[in-house]
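Those protein sequences? They're chains A and B, same order as listed.
Those letters in the first sequence? Residues 202 to 699, by the numbering used here.
Those letters in the second sequence? Residues 878 to 1280, by the numbering used here.
None of these hints come from the bench; they were simulated from the model.
Mixed in with the good hints there might be a few duds.
What the hints assert, rightly or not - Using C-beta positions, here's what the derived DEER-type ranges look like:
| # | chain 1 | residue 1 | chain 2 | residue 2 | range |
| --- | --- | --- | --- | --- | --- |
| 1 | A | R349 | B | R1124 | 30 to 40 angstroms |
| 2 | B | V1152 | A | E677 | 51 to 61 angstroms |
| 3 | A | E677 | B | I1135 | 52 to 62 angstroms |
| 4 | A | G279 | B | N1195 | 53 to 63 angstroms |
| 5 | B | I1135 | A | D374 | 30 to 40 angstroms |
| 6 | B | E1163 | A | Q684 | 23 to 33 angstroms |
| 7 | A | Q684 | B | T1150 | 28 to 38 angstroms |
Since the model is a prediction, treat every value here as computed from it, not as a measurement.
We treat Cβ as the ideally placed atom computed from N, Cα and C, and that holds for glycine.
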Amino acid sequence: MIQLNRNYTLPEREDDIIPIKVIGIGGAGSNVLDRVVLDGMDQADLIAANTDVQSLASSVAAAKVQLGRSITHGLGTGGDPELGFTSACESGDEIRAALSDARLIFICAGLGGGTGSGAGPVIAQSAREMGALVIVFATMPFSFEGKRRAAQAQEALGRFHQLADAVVCFENDRMGDMVAPKAGIHQAFAVADMTISQSLRSIVNLIQRPGILRIGFDDLLAALRGGGGRCLFGYGESDSDNRAHEALAQALKNPLMDRGRMLGEASRVLVQVAGGPAMTLSEVEILMRELNKHISEHTQLLFGTAVDGRMGARLSVTLISSLACETDERPVQNFVPVESFAPPPADPIVPAPEPEIAVVQEAEPEIEPAAAAPVVEREQVLQVEPTPSIQSLVPGDQVTESEMVEAEPEPAPEKTPPRIIPPKKKPVVAQKAGPEQISPKSESVVGKPKQEKSVAAKQEVLQFEPLTRGRFEKSEPTIVEGQDLDVPTFLRKNVRVK
Amino acid sequence: MGNNDLMVGLEIGTSKICVVVGESRPDGTTKILGVGQAPSRGVRKGEIVDFETAMKCVHEAVVDAEQKSDVMIRSVYVGVAGAHIQSFNNRGCVVLPDDRDEIDEEDIEDVKISAREVSIPAQNAFLHSIIQHYHVDGQDGILNPIGMLGQKLEADFHIIHGVRTRIQNTIRCVKELPLEVEDVVFTALASAQVILTQQQKNLGALVIDMGGGTTDYILYVDGAVRQSGAVGVGGDHITNDISMGLRIPMARAEKLKIEEGSVILGNCLPGETVVLKDDSGFAGKEIERETLNTIIHLRVRETFELLKRTLDEESFINYVGEGIFITGGCSLLQGIDHLAEEIFEIPARVARAQTMSGLTSAFQNPQLSTAIGLIKYAQAVQADRPQRRGLTRIFSRFIPGMR
Ligand SMILES: Nc1nc2c(ncn2[C@@H]2O[C@H](COP(=O)(O)OP(=O)(O)OP(=O)(O)O)[C@@H](O)[C@H]2O)c(=O)[nH]1
Ligand SMILES: Nc1ncnc2c1ncn2[C@@H]1O[C@H](COP(=O)(O)OP(=O)(O)OP(=O)(O)O)[C@@H](O)[C@H]1O
Ligand SMILES: [Mg+2]
Ligand SMILES: [Mg+2]
């Protein structure tokens, strides 16, 4: 049995961070971003894009793009996707500037209105063209919002499916089930915002949290792609004695999981378990064994764990899947990124497996970010073909027997479902990129960490700088004696609360 | 109709809508027949921002009140709030014609009109002109000059006004239900009716109604209103601060504030924590008590200090003998009276509607002060003007050029 070294602490290396951007489009998209900020997100850059300046002004996102300045003149589109489309086209340069340097771009939009539905696909296309991986989080309007909105949303969804690497679609009607029947639409939206925020954060964590087993983008996409099917999502957290069991039970309880029933129908389920340094493999084992009861034997489990000092005594489980739809393929080729990125048709980026994933080996956090070599190494790995840094487990497999995959760079797994790896005896480090592998790109690659550091610094500012109007978005700001009283007092008085 | 002795108060608050049904008794007292409530949506900082939604909520509360009081509600006295509400004091003056020297009711009307002959912003409308004192030929402190002999009648009024369209919004919301609007009343003025006795008004008192979205205040000296106004800050801000500071959802922040919050600092054991219960399936979190209280304290302190600066612009606060009466939902925050005492340096207490017939203890909640106060206001007004003028009264107020 593998013993996790309990002293394992994570060097919080900034060069470890993959540049991720989240762009919220339209009113709904911007509200989701606000939620994401409230819930805490320091591993991705947030951008709000809208035709409506008022909504833009109240957004908490650090970067903002006004769409169609000369087209809507700062107003919304009034529900006209055509206007949204031309607005996004007009502001193409600004959009591209805002999205630059990201490897993974999340797009959040409420479909049905004009901006999200019209501008969204244009932005998705730009993102793809810039070589980033694009994952869309979209909501479909409530049925009571009317046929026109539903049709507009459907149309936009279709476009997203063509353009994006994966589309995660939440139906507002279903969100409505999550709130009391008497609760209003705002509450349903709030639940939608919260759910999207939670899934987004889980996915970002999945990627950014230095994992014992890291999940590759291809696996992530495989789990998310459901061909317009339903998104299954669950999140649970616990710090009790029986935390593995409880966290999973909670995750399965999420209404978007349909109490776990739907899991049986999913062909791939992505599972991420995160915990503090005290997390043991036997806990993970318990969890996986229980999870196996909820899935069919054909379900492929994509499994990753992450040790995160900030988790303390908590253990969290994230389940993400979408209902099977095997015909779903990668986006049509004409949108495939230009020469700038990794050899198509591979997914442009594959997160490096922690090179020294063998947890025990990296027990000492002595690896300083300053060390140039590991940086190169890591970036190197990123250029390599999708490394199955992830475990694909067939149900019944025991985690203890499982291990990292041997890293033969493989041809694009594009249409190949992640392989099932036979259990082996000992964990093996996924891949070590030797210096001889340094690609011509290494120059720019070496320069990268600095830039990422500055990104991180910006995020830090975001946490303490008053930017949000949150609850007061719809109201006139309370400005008294030159101060915006809607901003928390502790922020304005510079009192650190933690 | 036969419902003339029925009075209904409606507060469209930021966090709840409250409808109080009262009946005036032949002996001059008022009996509360029922209180209807509904959570409020579509209202921010005391103002309606989402008409349809707010209307639904008002409807819900009205239906609730009708069921509980077993009457049919046709018309209401409705509270208005919001930071757009402002006030000032002004003196009106009329000189009686040479052939007459006894002051009559018409002169009183005229002097009131004269007091309003002052420019308020074009988009604003008068809400209240509250008489403070009359002066007849220079003689001060006259309460009722009718029948007195004199040539020059002057009157000091406290004038409350607000943005016309916003007041109209409230009225429209009620009218589309459809209900008739008897009168619109500034919320703090209504609250004061039920919180202060005449004696306390005479001795001087400050009422602070800290609700979900606004903090309204009204100050009495010598039995008359001297200062009043509203700040667009309330319990929502506290909750929002907590939500952001502790990075927890609003609903949790609200719960935490109500169940665990206090404005008093330094009362916790070092490292004392509150554990957020895990009911929604999202993070269960430990929160340091002192941190929570600090966030609350800073917000309430700031709001009180702001009020104090506003009140200090005129010196009436120095004549407040009875001290401060804090009401509205936020008055339930632990220690808020102590903090008010510290900041204003006068005694403060938490206040709620005083016993009224039919008012069970369940309704003795500071959140209901405004709505119950509206009944008291209605009672006073109806006693004052036996013939109903209802709609015309409202209209005359909002037709530009008419006063
Ligand atoms: N999750 C969530 N969904 C929302 C919210 N507000 C609206 N929606 C949904 O998103 C759809 C699009 O609305 P908006 O985002 O406001 O529209 P828009 O994209 O800004 O477009 P225009 O305002 O027409 O220019 C609506 O039909 C709703 O179904 C929100 O706050 N949260
Ligand atoms: N026990 C409590 N402790 C602290 N705060 C409370 C408590 N109970 C209610 N509140 C707060 O009081 C506020 C609501 O008060 P109230 O009902 O007087 O407001 P409202 O009349 O709806 O709003 P407004 O008058 O500002 O438009 C909410 O912010 C709520 O959180
Ligand atoms: Mg919009
Ligand atoms: Mg109130």
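Okay, the hints, checked on the actual structure:
The hinted range of 30 to 40 angstroms is satisfied by A:R349 and B:R1124, whose Cβ atoms lie roughly 38 angstroms apart. Look at B:V1152 against A:E677: about 37 angstroms separates their beta carbons, and that is not inside 51 to 61 angstroms. The hinted range of 52 to 62 angstroms is not satisfied by A:E677 and B:I1135, whose Cβ atoms lie roughly 26 angstroms apart. Checked against the given bound of 53 to 63 angstroms, the beta carbons of A:G279 and B:N1195, roughly 55 angstroms apart, stay inside it.
Distance hint check: the CB atoms of B:I1135 and A:D374 are about 32 angstroms apart, consistent with the given range 30 to 40 angstroms. About 32 angstroms separates the C-beta atoms of B:E1163 and A:Q684, a value consistent with the hinted range of 23 to 33 angstroms. Take A:Q684 and B:T1150: their Cβ atoms lie about 31 angstroms apart, and the range 28 to 38 angstroms holds.
The earlier numbered hints that this structure contradicts are 2 and 3.
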